[in-house]
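Engineer: So the chains spell out like this:
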Amino acid sequence: MEHDVGHSVEMGYSIWLVLFPLIGLIVNGLLARRWPEKLVGWFGSLMIVGSFAIAVALFLQLSGLDPHDRVVHVSFFNWLHVGSLQLDFAFLIDPLSSVMMLVVTGISAIIHIYSIGYMHGDPRFRAFFSYLNLFVFFMLLLVLGNNYPIMFIGWEGVGLASYLLIGFWWEDMAKATAGMKAFIVNRIGDFGMLIAMFLMFKYLGSLNFADVFPRAAGVWGHSPDAGPVIAIGLMLLLGAVGKSAQFPLYVWLPDAMAGPTPVSALIHAATMVTAGVYMIARSAMFFTLAPTAMLIVALVGGFTALYAATIGIKQFDIKKVLAYSTVSQLGYMVMACGVAAFGSGIFHLMTHAFFKALLFLGSGAVIHTMHGAMHHVNDHTTDPQDIRNMGGLRKYAPVTFWTFLIATLAISGIPGFSGFFSKDEILAFSFAHGMQGGTLIPWIFGLVAAAITAFYMFRLVYLTFYGEYKGPEGGEPGLKESPPVMTVPLIVLAVLSVVGGYVGLPAVLGERLNVFKQWLDPVFHPAYEAARIHPAHPTISQEWALIGLSVIAALIGIVIAWNLYIRRGKVGLPDSAQRGFGRVLWAKYYVDEFYHAVFVRPLIGLCRIAWRFFDEKIVDGGLVHGSAKTVRWGGGVLRQLQNGIVGSYAVMLVIGVILVLLIVYF
Amino acid sequence: MFDSLIADMHVSRLIPEIFVIGLALVAILVDVVLPRGRSTRGVQITVLIGLFAVIAATVLGKENTGEAFGGMVVVDGFTFFFRLLLAIITFLVVLVSEHYIERLNIRIAEYYLLLLFSLFGMLLMAMAQDLLIVFLGIETMSVSLYALVGLSRQKHTSNEGAIKYFLLGAFTTAIFVYGIALMFGVVGSTNINDIVTFLSGLGDSMPLLAWAGAGLILIGFGFKAALVPFHWWSPDAYEGAPTTITAFMSTAPKAAAFAAFLRVFYIAFGEMWGEWTVVLWWIAVLTMTFGNLLALRQDSVKRMLAFSSITHAGYLVIALLTFDRIGAAAMLFYLVVYALMNLGAFLIAIAVNRDESEEKGYWFDDYKGLVFRKPALALAMLVFMLALAGIPPTAGFFGKYYIFASAVNAGFVGLAVIGVLNSAVSVYYYLRLVVYMFLRDREAREREGPLWITDEITNVVFLCLVLVLLVGLFPDALLTFATNSVKMLL
Chain A
343 MEHDVGHSVE MGYSIWLVLF PLIGLIVNGL LARRWPEKLV GWFGSLMIVG SFAIAVALFL
403 QLSGLDPHDR VVHVSFFNWL HVGSLQLDFA FLIDPLSSVM MLVVTGISAI IHIYSIGYMH
463 GDPRFRAFFS YLNLFVFFML LLVLGNNYPI MFIGWEGVGL ASYLLIGFWW EDMAKATAGM
523 KAFIVNRIGD FGMLIAMFLM FKYLGSLNFA DVFPRAAGVW GHSPDAGPVI AIGLMLLLGA
583 VGKSAQFPLY VWLPDAMAGP TPVSALIHAA TMVTAGVYMI ARSAMFFTLA PTAMLIVALV
643 GGFTALYAAT IGIKQFDIKK VLAYSTVSQL GYMVMACGVA AFGSGIFHLM THAFFKALLF
703 LGSGAVIHTM HGAMHHVNDH TTDPQDIRNM GGLRKYAPVT FWTFLIATLA ISGIPGFSGF
763 FSKDEILAFS FAHGMQGGTL IPWIFGLVAA AITAFYMFRL VYLTFYGEYK GPEGGEPGLK
823 ESPPVMTVPL IVLAVLSVVG GYVGLPAVLG ERLNVFKQWL DPVFHPAYEA ARIHPAHPTI
883 SQEWALIGLS VIAALIGIVI AWNLYIRRGK VGLPDSAQRG FGRVLWAKYY VDEFYHAVFV
943 RPLIGLCRIA WRFFDEKIVD GGLVHGSAKT VRWGGGVLRQ LQNGIVGSYA VMLVIGVILV
1003 LLIVYF
Chain B
732 MFDSLIADMH VSRLIPEIFV IGLALVAILV DVVLPRGRST RGVQITVLIG LFAVIAATVL
792 GKENTGEAFG GMVVVDGFTF FFRLLLAIIT FLVVLVSEHY IERLNIRIAE YYLLLLFSLF
852 GMLLMAMAQD LLIVFLGIET MSVSLYALVG LSRQKHTSNE GAIKYFLLGA FTTAIFVYGI
912 ALMFGVVGST NINDIVTFLS GLGDSMPLLA WAGAGLILIG FGFKAALVPF HWWSPDAYEG
972 APTTITAFMS TAPKAAAFAA FLRVFYIAFG EMWGEWTVVL WWIAVLTMTF GNLLALRQDS
1032 VKRMLAFSSI THAGYLVIAL LTFDRIGAAA MLFYLVVYAL MNLGAFLIAI AVNRDESEEK
1092 GYWFDDYKGL VFRKPALALA MLVFMLALAG IPPTAGFFGK YYIFASAVNA GFVGLAVIGV
1152 LNSAVSVYYY LRLVVYMFLR DREAREREGP LWITDEITNV VFLCLVLVLL VGLFPDALLT
1212 FATNSVKMLL
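Chains as they are written, first to last, in our numbering: chain A, 343 to 1008; chain B, 732 to 1221.
Keep in mind the hints are simulated off the structure, nothing from the lab. Since this is a predicted model, take the numbers as computed values, not measurements. Be aware that one or more of the hints could be misleading.
[Claimed, not checked] For lysine-lysine, the following DSS-like pairs were computed, each having C-alpha atoms within a straight-line distance of at most 30 Å: (1) A:Lys662 <-> A:Lys517; (2) B:Lys1105 <-> A:Lys380; (3) A:Lys912 <-> A:Lys822; (4) A:Lys822 <-> A:Lys812; (5) A:Lys517 <-> A:Lys812; (6) A:Lys544 <-> B:Lys1218; (7) B:Lys1105 <-> A:Lys517; (8) A:Lys662 <-> A:Lys523; (9) A:Lys523 <-> B:Lys1105; (10) A:Lys812 <-> A:Lys912.
[Claimed, not checked] On the chain A side, residues computed to face chain B include the following (Cβ under 10 Å): (11) His423; (12) Val424; (13) Leu429; (14) Arg466; (15) Ala469; (16) Phe480; (17) Phe494; (18) Trp497; (19) Leu502; (20) Ile530; (21) Asp532; (22) Met539; (23) Leu945; (24) Leu948; (25) Ile997; (26) Val1006.
Cβ coordinates follow ideal geometry from the N, Cα and C atoms, glycine included.
Extracted from the complex, chain A is given alone in its bound form:
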């Protein structure tokens, strides 16, 4: 069961995957103080391109191996060898991690280059590129580590980089708060990860991927749904729910859009937020062995897909729409894992990385263009991100428009574009899973969400690029296409958003054509085998029907959007005019308010009680006010005694003594 062919294959150079970003971080962070902006940007980008080259080489080397040998552990040094805990600093290079490293380094390289243009002139340009390199470094640790602690270090590290980058423009407390909210909500997820690791160590005695999965199969293979494995599964899910912004912990992601747009594209759309999906896929064994946990995964994912999509209908900030769309698409990926279609989840992760990065970078270009118009008329009050102020941008920014449209077609699931293949695969598997004795609820959620996705995305396109320009008056001459350093990445991503899906053609065109699935399947094979389950496949006729259904769903969404925003020429209502259910959607179901009332306020209240009672009453009440009146310190001390401050401390100490003795006696 345990593969260890690390000695036979020379992949030691894989360390350069993480060394390149580290060099970029050190040089840009510490040494490049006097470098011109261009040099800093290109140096940082070049390091990531270097990582990408290594990733490609590793991928080619891996694909040259026999499918059974494609599990390579590359150990660099003994990291933690204490007692029964034996961990190496080692990478696991297999089909799953190779896909992840290609996506991470590839998208990162493109976004680094885009950032050279986007961040131009920012006083903290150098810091920005250091943080970006820091992010790539940790993200690669996360996907490459061959044990849970390394994964967790990467996991927390990307959270840190994200925190630093969300708060990059900390001019006001609001943005700083967004960064903190992201970090703290994520800690709830991390808590799940940690507990899962503790439980693994307790029951399986190791944290290495190569050990825990076979041992889990041995311990729980004959008694699926045992208590500990459900607990591990659910705790891992909690981790994924935090990092991948699933219901109910998704609240941090839309706020995280306060960061610069390249950050939103890279971290909060294409890579970091998909870490939860990767982690679930990597831990497939724990989920196949715990069908109950898996069902919950499917329901959480499906519900998030639908729920977040509905919020997207009524948002007016271009980045907020995309943020909720990201939450929704992540829901699809999690749902795929919940129906044992881990490979499809990763497939959607990849295509989504292409088209969602494109959408965010496109939105950045749109905002850039809008800024041009506002500068032209010296307007500093209009919100450049509000789609109610846009319209008609098609004429002024054609490259942005066409690439944005391609990404929209891809996310809506129009045949021929990448999103179609991956989303269709997820829907097909969840349908088949439901027919095979599971529940059809996730599939229904997914199908309805597909129609809504098409609707809100085309609403976005119509309001932004079609119709009349609605921005500040006289600003039209300022509307300009973005510079090539920004548009070339858009074009590259647009090409990927189209062709990226063809590696995973649907089964109706021939089982062998899905190279992506064939590439990934061996990774998940042990998990299926241990639980003796076979991922359900739809029949050919079912699959045709399903394709038809999802295309119809997408078309319905598009037609409704066209009817409302093109034929009837509607524009969004101002915030105050939102009524009825629309207002509920506009207010995002009031979930933030709910959390505030239920969690934040009581905690603040509790603090206040603790503060009032112990700090103000005892310390401030006696100490500050008491001592302010006294001149000599001896008098102050006497006063303290008379005030009974020390006395009350002593009384409380005695109460503590009595409590301890009471506990001991009973």
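For this one, chain A is given, so just place chain B on it according to the hints.
Structural biologist: Relative to chain A, chain B alone:
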């Protein structure tokens, strides 16, 4: 005859402790001999050299293990670990103190002498095998600390802190001694090996007096380690003390208290352990939660760190109550890590603090835009805050990780869950400081004052920073050391 008596006492095993006392006496002479004004500098240098000798003697005498003074004290791996830790913390604190006490206008040689005496007390606590020696150690340490807390005589907070600490400390001392007396009444000895032999002979029929005695002793330790509900003195004492002393008090005496706590309870009262876990479970939960709740609302960094140090003591109790080697090793590991990150954080707080003559000071507001003024200092503070919050790849993460993992391993899953949740809450107030540092604040730039950075502070902060990161990346060596140090206890 006298020679053989010395040999039986195994005085050579106590060379580091003898050095500390001798050093204190030499330092007094140096103070007298040198002219006024230059004397404290001379004393400081003497103490630094002497402490270096103490550390060297500890390392050279590593193999010279065994009991001494007829079993009153024992020198073993555990003692070795704490000798090193305590002497190094004292060394670092002395190193940064000279300029600071000058700034506070308390430039007296007694500052260093008191530090040495309290170090001696702590060393006794770490090696004591007899409850009376534990008591002696605690008192030697505490009396020095009472005086150190009250050293800034012109500040009310300092006086208040000292007098409260002293009164409550005296009160607890009575409780502690009463506990020893009860124990003596039951067992007829105060040696912890005798106690365990006697108690294990009793089986299930443990007399009530033994329970009461052990309970009162536990309260004594709880007071010194500032565990809730015996922590009342600590916020005031921490706030009032000169900040170098606060940094010292929240690390070294806490470590010594846990060392004695661990040895006495694991050996003497190991028989009754099942019951103690219930008490300690509640103490751990209360300590973590309470410290956190109060730290959340502070607007003074010094006070925030004071409350957070209560929380960290709560995590240490979790490791303590596992009653196994993994937990004990996790506790030792955490004590080192905590000392490093807390020392670093306090030293930066000293550097940033604007005005030492202010009663309170150490405002969060002073940190506004620090990253633009002093990027290196701000990034170091960021690392310490992340470490205190337990986020990888800092040492703080592994410290917490081992503690919570040991709790789950020993079956205390609920406690680990509460602990992890508490550490998640603590992120809030640590990051709040980070937010202040990164905030681009135009107002702050106008009223920015010079920072108070000395070479010593820079060096010690840098050392702590490197170690916090190094232990975070390669925790192996320290954990092995900690594991080996607790081997002979269990």
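Engineer: If a hint holds in the structure, say so; if it does not, say that too.
Structural biologist: Results for each hint:
Distance hint between lysine 662 (chain A) and lysine 517 (chain A) is fulfilled; the C-alpha atoms sit about 15 Å from each other, no more than 30 Å. In summary, the hint linking lysine 1105 (chain B) to lysine 380 (chain A) is supported, as the alpha carbons are separated by about 25 Å, within the 30 Å threshold. Pair hint lysine 912 (chain A) plus lysine 822 (chain A) holds up; C-alpha atoms about 25 Å apart against a cutoff of 30 Å. For the given pair, lysine 822 (chain A) sits about 16 Å from lysine 812 (chain A) by alpha-carbon distance, which is consistent with the 30 Å threshold.
A hinted pair counts as satisfied when its Cα atoms are at most 30 Å apart, and lysine 517 (chain A) with lysine 812 (chain A) qualifies at roughly 28 Å. Taking the CA atoms of lysine 544 (chain A) and lysine 1218 (chain B), the gap is near 21 Å; set against the 30 Å cutoff, the hint holds. A C-alpha spacing of about 22 Å is found between lysine 1105 (chain B) and lysine 517 (chain A), which places the hinted pair at or below 30 Å, so the restraint holds. A hinted pair counts as satisfied when its Cα atoms are at most 30 Å apart, and lysine 662 (chain A) with lysine 523 (chain A) qualifies at roughly 16 Å.
Among the hinted pairs, lysine 523 (chain A) with lysine 1105 (chain B) is consistent with the structure: their alpha-carbon atoms are about 26 Å apart, no more than 30 Å. Of the supplied pair hints, the one linking lysine 812 (chain A) and lysine 912 (chain A) holds, its CA atoms being roughly 12 Å apart against a limit of 30 Å. The beta carbon of histidine 423 (chain A) is positioned within 10 Å of a beta carbon in chain B (closest approach about 6 Å), and the interface hint is therefore held. Because the beta carbon of valine 424 (chain A) sits about 5 Å from the nearest beta carbon in chain B, less than 10 Å, this interface hint is met.
Look at leucine 429 (chain A): its Cβ gets to within about 9 Å of chain B, closer than 10 Å, so that hint holds up. Because the smallest distance between the Cβ of arginine 466 (chain A) and any Cβ of chain B comes to about 9 Å, under 10 Å, the interface hint for this residue holds. Using the Cβ-Cβ criterion of 10 Å, the hint placing alanine 469 (chain A) at the interface with chain B is satisfied: the shortest such distance is roughly 9 Å. With a cut of 10 Å, the hint placing phenylalanine 480 (chain A) at the interface with chain B holds, because the nearest CB-to-CB distance is about 9 Å.
For phenylalanine 494 (chain A), the interface hint holds, since its Cβ comes within 10 Å of a Cβ in chain B; the closest pair sits about 7 Å apart. At a threshold of 10 Å, the smallest CB-CB gap from tryptophan 497 (chain A) to chain B is about 8 Å, leaving the interface hint in force. The restraint placing leucine 502 (chain A) at the interface with chain B holds, with a minimum CB-CB distance near 7 Å, inside the 10 Å limit. Contact between isoleucine 530 (chain A) and chain B, as hinted, is supported at the beta carbon level, the nearest pair being about 6 Å apart and thus within 10 Å.
Using the Cβ-Cβ criterion of 10 Å, the hint placing aspartate 532 (chain A) at the interface with chain B is satisfied: the shortest such distance is roughly 8 Å. The closest approach between the C-beta of methionine 539 (chain A) and any C-beta of chain B is roughly 8 Å, which is under the 10 Å cut-off, so the hint is satisfied. Proximity of leucine 945 (chain A) to chain B holds as hinted, the smallest CB-CB distance being about 8 Å (cut-off 10 Å). The beta carbon of leucine 948 (chain A) is positioned within 10 Å of a beta carbon in chain B (closest approach about 6 Å), and the interface hint is therefore held.
Nearest Cβ of chain B to the Cβ of isoleucine 997 (chain A): about 7 Å, under the 10 Å cut. The hint holds. The interface hint given for valine 1006 (chain A) holds, since its Cβ lies 5 Å from the closest Cβ of chain B, which is under the 10 Å cut-off.
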